[in-house]
Amino acid sequence: MRRFLALILMLGLFGGVAFWFLTGPSRLPAETFAGLSGDAAAGEAVFWAGGCASCHSAEAAEGDARLVLSGGRRFPSDFGTFLAPNITPDPDQGIGSWSLADFGNAVMRGVSPAGAHYYPAFPYTTYAKAEPQDIADLWAYMQALPADPTPSLAHEVGFPFSIRRSVGGWKLLFFSNDYVLENAATPEIERGRYLAEALGHCGECHTPRGILGQLQTDRWLTGAPNPTGRGNIPNITPAELDWSDLDLISYFKTGFTPEFDVAGGHMAEVVQNLARLPDSDLAAITAYLRAVPAAE
Amino acid sequence: MNNSKIRIAVAVLAIAVAGTAVAQSAADGAVKARKSHMQLYAFNLDQLGAMAKGEVEYNAETASTHADNLVAIASVSMAGYWPEGSAQGEVEGSRALPALWTSGEDVMTKVAALNEAVAGLSAAAGSDQAGLQTALGPVGEACGACHKAYRAPE
Numbered sequence: 006m007r008r009f010l011a012l013i014l015m016l017g018l019f020g021g022v023a024f025w026f027l028t029g030p031s032r033l034p035a036e037t038f039a040g041l042s043g044d045a046a047a048g049e050a051v052f053w054a055g056g057c058a059s060c061h062s063a064e065a066a067e068g069d070a071r072l073v074l075s076g077g078r079r080f081p082s083d084f085g086t087f088l089a090p091n092i093t094p095d096p097d098q099g100i101g102s103w104s105l106a107d108f109g110n111a112v113m114r115g116v117s118p119a120g121a122h123y124y125p126a127f128p129y130t131t132y133a134k135a136e137p138q139d140i141a142d143l144w145a146y147m148q149a150l151p152a153d154p155t156p157s158l159a160h161e162v163g164f165p166f167s168i169r170r171s172v173g174g175w176k177l178l179f180f181s182n183d184y185v186l187e188n189a190a191t192p193e194i195e196r197g198r199y200l201a202e203a204l205g206h207c208g209e210c211h212t213p214r215g216i217l218g219q220l221q222t223d224r225w226l227t228g229a230p231n232p233t234g235r236g237n238i239p240n241i242t243p244a245e246l247d248w249s250d251l252d253l254i255s256y257f258k259t260g261f262t263p264e265f266d267v268a269g270g271h272m273a274e275v276v277q278n279l280a281r282l283p284d285s286d287l288a289a290i291t292a293y294l295r296a297v298p299a300a301e
Numbered sequence: 228m229n230n231s232k233i234r235i236a237v238a239v240l241a242i243a244v245a246g247t248a249v250a251q252s253a254a255d256g257a258v259k260a261r262k263s264h265m266q267l268y269a270f271n272l273d274q275l276g277a278m279a280k281g282e283v284e285y286n287a288e289t290a291s292t293h294a295d296n297l298v299a300i301a302s303v304s305m306a307g308y309w310p311e312g313s314a315q316g317e318v319e320g321s322r323a324l325p326a327l328w329t330s331g332e333d334v335m336t337k338v339a340a341l342n343e344a345v346a347g348l349s350a351a352a353g354s355d356q357a358g359l360q361t362a363l364g365p366v367g368e369a370c371g372a373c374h375k376a377y378r379a380p381e
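Residue numbers (the numbering used here), protein chains in the order written: chain A, 6 to 301; chain X, 228 to 381.
If you're looking for bench data, these hints aren't it; they were derived computationally from the structure.
Please note that a few of the clues may not be correct.
Unchecked claim - Restricting the straight-line Cα-Cα distance to at most 25 angstroms, the calculated cross-link-like pairs of lysine to any residue (SDA-like) are:
#1 A:Lys134 - A:Leu217
#2 X:Lys280 - A:Arg196
#3 X:Lys280 - A:Thr233
#4 X:Lys337 - X:Leu324
#5 X:Lys262 - A:Leu217
#6 X:Lys280 - A:Leu251
#7 X:Lys337 - A:Arg71
#8 X:Lys337 - A:Leu217
#9 A:Lys134 - A:Glu274
#10 X:Lys337 - A:Arg196
#11 X:Lys337 - A:Trp248
#12 X:Lys280 - A:Glu245
#13 X:Lys262 - A:Trp248
#14 X:Lys262 - A:Lys134
As the list claims (entries may be wrong) - Which chain X residues face chain A? A few, computed with CB under 10 angstroms, are given here:
#15 Arg261
#16 Glu284
#17 Ala339
Note that CB positions come from ideal geometry on N, CA and C, so glycine has one too.
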């Protein structure tokens, strides 16, 4: 009996140690940013393509206020409500004291400088595919944005999701560096794929989620319930997206639908970002949307 | 209960029902007016958008006409379009968020931004297609700013 108990204890200990190791933070290789220097002007394009301001600016911010990334917006989900943190260059409340590697690990791996996991409401699972040079440029741009001393607020997440280590397990199951659209047939589609799947994270809203909040990549961009609780985010695969190329590009630039209604809700935020991208990028996103598998 | 009390009770009830019905039809009418107003924007924007996209040939005179129409439509006061009880959920067809009734100053700022944007469009629409394309952007942004803040998803 005592040997049996000892065995159970051993197994339990082993399991605990294994869990601890498996769910620990996984950082980028140290040499990822070696020799890279950021170009703030190029970083501005990454900033708009990545949609940073849509979540990290203050609620209802417009105009230049969208460049003050003081946080505070609320994002309800099945797991609790996430609150966007302050990512201004403020050294105490923001991320002003970080290094480029700290920033890269946060954005591309979801790991804080202290080694804690971020919740995947922050779309690092898509930014993971970004080019390190783009992240270096983005860092240069963001360091020059206005600082703000507003403290970040705690997420309102219940047990067991309140244990950050559980996110480590989630990452083991669902974190992938693979593109959903495996083959990009032309350079334009490849660029569109980078904008849509790596920087722009369209799938975060337009793809349905599974029971643990993971994106169901076999139903990529087929639409999903609106996380705010009302209405649906539309299917944008060729199965249902029947707008012309010109209609799509015009929508990305102005927010006007072919019927001259306008984008509302979070898509209005997205259009404010897309409108700042060059026409060639908007055409690339359009080409990508034509290339994804049609599915209901 | 005697007869006269019943009569009074019925009368009070009738007035209450009628009052609700009047309020309801006022809200209904306002929602229809709002949508009609938006339809006028959409029709004129559609004509301009077709030229901006190159779906129909650019014509300076037509472009100016529709842009001037937008200036005229934007100058129509919508002040009476928003009676109490006409938010989403209170009356059929409304997608107006309750915040619209408590954010007067911000709404006026957004209305002013729309007026500025359509004035810019009116100035640029008659020059050439590129000018028209560029000037449509701020109009879309102004429309979107209000819908983002004050219109619920379908």
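Does the structure break any of the earlier hints, and which numbers would those be? 3, 5, 8, 10, 11, 14, 15, 16 and 17
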